[in-house]
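One line per chain: the protein sequences are Y and X, in this order.
Be aware that the first sequence starts at 0, since it is given in numbering that gives the first Met the number 0, and climbs by one per residue.
Be aware that the second sequence starts at 0, since it is given in numbering that gives the first Met the number 0, and climbs by one per residue.
In short, the hints are calculated from the structure, not lab data.
Virtual Cβ for every residue (Gly too), placed ideally from N, Cα, C.
Please note that the accuracy of each hint is not assured.
Said to hold, decoys possible - Label pairs and their in silico Cβ distance ranges:
| hint | chain 1 | residue 1 | chain 2 | residue 2 | range |
| --- | --- | --- | --- | --- | --- |
| 1 | Y | 37 | X | 57 | 16 to 22 Å |
| 2 | X | 475 | Y | 37 | 51 to 57 Å |
| 3 | X | 892 | Y | 44 | 57 to 63 Å |
| 4 | X | 25 | Y | 44 | 16 to 22 Å |
| 5 | Y | 7 | X | 475 | 42 to 48 Å |
The primary structure of each chain is shown beneath.
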Amino acid sequence: MAGQSSIVPGTLEMLVLKTLSLAPMHGWGIGERIQQLSQDVFAVNQGTLYPALERLQRDGLISAEWRVTENNRRARYYRITRSGLRRLETEREEWERSVRAVDLIMRTT
Amino acid sequence: MSKLSGWVYTLRSLVRRNAADREMADEIAFHIERQTRKNEVLGLSAEDARQRALQEFGGTTRWREEARRARGSTPIDLVERDVRQAIRGLARNPAFAVMATLTLALAIGANAAMFGIVDRLLLRGPEHLAAPEQVVRVYVTRTLSNGNVTSGLQPYVLYRGVRDQTSAFSAVATYLPLDLRVGVGLDSRLVHATYATPDLFALANVHPALGRFYTPEEDVPSHGEPVVVLGYGYWQTDLAGDSAIVGKVVTLDDRQFRVVGVAPRGFTGVERAPIAAWLPMSARPVDPRAGDWTTSWRPATPGIVVGRLAVSKVQAAAQLTALVRREYEGPDKAMRTANVRVLPISYDLEGAEPRELGVARLLAGVAIVMLLVAAANMTNLTLARALSRRRELGVRVALGAGRWTLVRLMVLETVMISLLGGMVGLALAHWGGAVVREALLPNVAWDELPVNGRVLALTIAASLITGVVVGLIPALRVSGGDVALALRAGRSDSAGGGQAHGTARASLQVVQLTLSLVLLFTAGLFVRSLRDVQQLDLGYDRDRVLTVDISFPRLDSGGTSAGDGGMMANRARYEDLVTRFERVPGVASASIAFSSPLSAVNITKLRIPGRDSVPSGKDGMALLVAAAPHYFETVGTRILRGRGIEISDVSSAEPVVVVNETMARALWPGEDAIGRCVVLRVANGDACARVVGIARDVHQMTLKEDALNQAYVPWGQDGRLVGGSVMLVRGQSDASRLIPALTDVVRRSAPGVRSLQIRSFEELLDPQVRPWRVGATVFGLFGAIVVLVAAIGLFSVVSYLVTQRTHELGVRIALGARRGQVLRLIMGGALRTALIGAVLGGTLSVAIGPALQPLLFDNAARDPLLLAGVAIGLLAVAVVASAWPAWRATRVDPLLALRSD
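This is chain Y alone, in the form it adopts within the complex (with noise of 0.2 Å):
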């Protein structure tokens, strides 16, 4: 596990909507695939996964059901809505110019 740091605060609701813009996922496989996706660089912390789930579901960005796991077994799995993928929009435009910002300012010598 060298090597692994927590995401970047403030970021993880961004996160799981971009995962989730990916694929429906229930919520041990977002954590996965958060990590997977950062090519192990970021561990999730797991419990945070489930308050973040909460409130995205209730601000109506994603929505959640119950299905039948491949090992059948039940899980709730989360889908992103339609608002949910404008606001990932947004929130990728505000990440890359704060990106930039931080970039610009570090490169200046």
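Based on these hints, arrange chain X on the given structure of chain Y.
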């Protein structure tokens, strides 16, 4: 949009809070399971893999909680938190909480109790009667030379006319309430019964609990066997709810009736007294000499006519008026111009609203005033408390609480107090309501419990509204301005923002004192009425005299009882008993009378020989009493001149008469009546009776009545004035203690009596005195409560002020202020408020006076002396209530006060 859906989401998860929690637990369990599996794949043992998974998750309970919070189950959680906080807040100041709760409990309890009564009396009508507001009574008003006479008793023929010839009512019935005797002899008692046409049941739209109601065919004079429908209560108590009662025979008033059914539980017809038996109208005992009661316009036994309106009241009255004027047959010319009115069924036989209803309505109004006073008081306390909590509130604001959070918190506190008060109030209403309704209207078939669903609903609503209003006003005021300023301002804030709050507080106190004064004044008026009623000189002693009402068995002396021998035997029975009564220890004297006060009215026409014209109107009539020797000393009526009835009068042939002052004045104005001659039609036929004495005026039947001519003739001379007499017994002291001894005398010496009732004049008068007694008692109680509430309110507000100004007072005292100055400073405001309240209350009292007038006994509603007394009393209470905390203020230690900040 997203906000709305967020609410929906929150709401849904609230509704299915448990389900959502379970789902979350399932979800996390699934997560742990997957992670465990992953760890196993990475080579850990099953046990370690699970441990590791849990560790990585970081505490399932914690995140479940976090998730729940994120889900937004906030309202319930917040309420829980707020309630806990409110309880803590109240617990910090238990004196306030207890005082406020008690205050509200009294006020809400009074409202609950009075609502229960008014609801039954005025809002809902009698039990089982559908749409009672459509049911009306028929009154006929005749215009006579001396004014209008309205009567609610109508001949049967009018009922039939209304039924068959008009379209005013969809259903119409006639009935007559009457007391019947059940049981035999000394053990017999009277029960309320009602003779009614069977359409009364149809009018009320009820169905029998057992059997059937009687039919129109059973309600005709020629019907063979009399039938009866029993009242549910009577059937339950006296007949043990015998389920095979239908077809059996019961004895009422010595007559046999076959039971055909049992009325539904609580059915009282269109009146409110519990009814033991329903009998056909034709089963009434009628005097055959009075003619055919079904066709006569002046029958001896009329009835009350009620109908369910099919047209408007005005139209119904017009139709019935036309009917009466057209159909009336008889000598009474006034009937040809009579007017018919339809009035609510709660009205009495004279077409007026019974005084009890007025008192009940007034008491309900007063209860509401009490609630207002209590609410004003509590608002004031809450305001004062809120001010003293400004620092605490400031800290909360500094910690991020919004204005609404503060308001919510404060309102929640008062709502909790008022709900608690409501609960205690319900207990009070349960106990007090029973007392009030028994005292005010004992003859009403009440619901079983004073607190029913409707009362409960009203109480909860009143508590909630009171709590919200009482909390909201101070909360909005205090949280208004810049609360953060308060934090900096610390204790001395009363100097700054205090002005506006001071005004609010003062005006609330003024309202409270104003209402208190009005209430006290009203209470005073009622107490005075009661006193006047009790001290009213009726012309006889009401507390020392018993009336012995006895019904002897029929004489079976061979022939008719109308014969001379029968009359003598009948007389002897009374005389024998009276002689025995006189020998009972404690009896001062005893006598016999036919139609003595409060037992009956007997009227005779007058004529004076030698005068051409018979005196007209009232003057030509006299109330006639046949009195045995010792009558006047026994009842306590003074003989002003001449003498009373003596033993020699009864046996001697010369007709004599004792007249009252009014009659002496009316017939022989300016002359001496003694020795004059008057013809009393009923007693002496055409013979002339010599006036031998003049007696004081006596109230024959009621507390309030115009003086009428009264004539006393010797008892026993005329056989018609013997049967149905009462015996009168005067005790040496409290007469009611003699009752057992007298009963015993009757039991031993006249074993065959059919019934016996021994009651004091006091008891006979009681139904008339009752409204005033209840009014005075309840008003007095309400008044005392309100004064207590006002005093506590003043006291606590002044106390708060003192606490608030401790710092300032310390400075003043340190700078050399004298005690008197400090006292004046603190009390000045309170007394100014009290004065304004007294002036406003006085004005209001004078203004509402006319509205109270009809409920009072003779005395004027404007009573400056009483008003002044009440105002001074209230001011005195205000002085005392504010003096104590003010005195404490003078004891402020300047050093401590200055250091305390």
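Quick rundown of the hints versus the structure:
1. Restraint check, residue 37 of chain Y to residue 57 of chain X: a C-beta distance of roughly 19 Å satisfies the suggested window 16 to 22 Å.
2. The given range of 51 to 57 Å is respected by residue 475 of chain X and residue 37 of chain Y, whose C-beta atoms sit roughly 53 Å from each other.
3. The given range of 57 to 63 Å is respected by residue 892 of chain X and residue 44 of chain Y, whose C-beta atoms sit roughly 59 Å from each other.
4. Under the hint 16 to 22 Å, the C-beta atoms of residue 25 of chain X and residue 44 of chain Y, about 21 Å apart, fit the expected range.
5. Range check, residue 7 of chain Y to residue 475 of chain X: about 45 Å between beta-carbon atoms, so the 42 to 48 Å window is met.
When each numbered hint is compared with the structure, no violation occurs for any of them.
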